[in-house]
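Colleague: Using our numbering, the first residue of the sequence shown is number 80, and each one after it goes up by one.
None of these hints come from the bench; they were simulated from the model. Built from N, CA and C at the ideal position, the CB exists for glycine as well.
Quick list of simulated restraints, FRET-style, between CB atoms:
(1) V225 - V170: 26 to 34 Å
(2) D104 - D222: 30 to 38 Å
(3) P211 - T115: 31 to 39 Å
(4) E187 - L363: 34 to 42 Å
(5) R312 - D213: 24 to 32 Å
(6) P186 - S385: 54 to 62 Å
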Amino acid sequence: MITYNHKRYLAQAIDSILMQTVNFDYEVVIGEDCSTDSTREVAIGFQRRFPDRIHLELRERNLGVITNFVKTLQACQGQYIALLEGDDYWVSDHKLQKQVDFLDDYPECAICFHNATNVYEDSNQEPHNCVPADQKEISTLKDLLVSNFIPTCSVMFRRSLFSEFPDWYHLLEMGDWPLHMLNAQHGKIGYINEVMAAHRVHSRGIWSKTSTIQHLQQIIRMYEYINGHWGHRYERIIRTSVSRHRFLLAVAYANGGDIASARTNLIRSIRECPLNGQIGFADLSAMVLRLYAPGLHKALRNFWLSA
80 MITYNHKRYL AQAIDSILMQ TVNFDYEVVI GEDCSTDSTR EVAIGFQRRF PDRIHLELRE
140 RNLGVITNFV KTLQACQGQY IALLEGDDYW VSDHKLQKQV DFLDDYPECA ICFHNATNVY
200 EDSNQEPHNC VPADQKEIST LKDLLVSNFI PTCSVMFRRS LFSEFPDWYH LLEMGDWPLH
260 MLNAQHGKIG YINEVMAAHR VHSRGIWSKT STIQHLQQII RMYEYINGHW GHRYERIIRT
320 SVSRHRFLLA VAYANGGDIA SARTNLIRSI RECPLNGQIG FADLSAMVLR LYAPGLHKAL
380 RNFWLSA
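Based on the sequences and whatever the hints tell you, model everything.
Modeller: The structure is reproduced here in structure tokens:
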């Protein structure tokens, strides 16, 4: 668990771990990254109550999400590692047992995950499941290269599947997706179709404070690093995914009124993968009209809306 300024949520997160009913020993490793609120005091309070269960990694200075994440992972000693950020929580007291049993029974799997619920704190949006109903029971690295379908609060994986984090990992601003990719080199990805965790969406969350444009730019940069890391072994899949994210970036720029940047990313999207099955022809055509013939695009859109 990594945590920063989670004083409102941390107790619920830790309680949801301590409530687990299991037939094995487990340790809670918490990396507290010099919060400016009372998060550290909450963590210390739990550690004093459960000294044999909770291990604290108290940073002397703020390291940032990725460095804190890596150091906390490196402090874990168990056969398996489960992730839970300090503002999320588990909703099943059998979650750990079910995942350990799964990984024990399926040695060909490096990763196991389950469904989770998105819970919206700052809006009236209804909770909904993170994982689609048609999620495959067994996936591979190639599936993960297309999109990240693993909720962070749901994942469990085998420890020490790779020796060291590559240098580029520390240049990213997201840790979970590339970690899953690095782990998925060494086995398949198993899915348990059961909601056993909740991901809290709130204004103080990491991604809530990141704009859509910044988020897409980070994903594209991650793809560039991962492509080089594997010597372009998955070039076609990655180029197709980069093309799709370039297209989404073009849409985001257009929505923000930056037509020049939208056009640049649309052209790069098409050049990256001209026959991209991940982008529908209708969507691509509409975007071309929107950026290069806005009058015609508006007229056609009004026509279809009034039809």
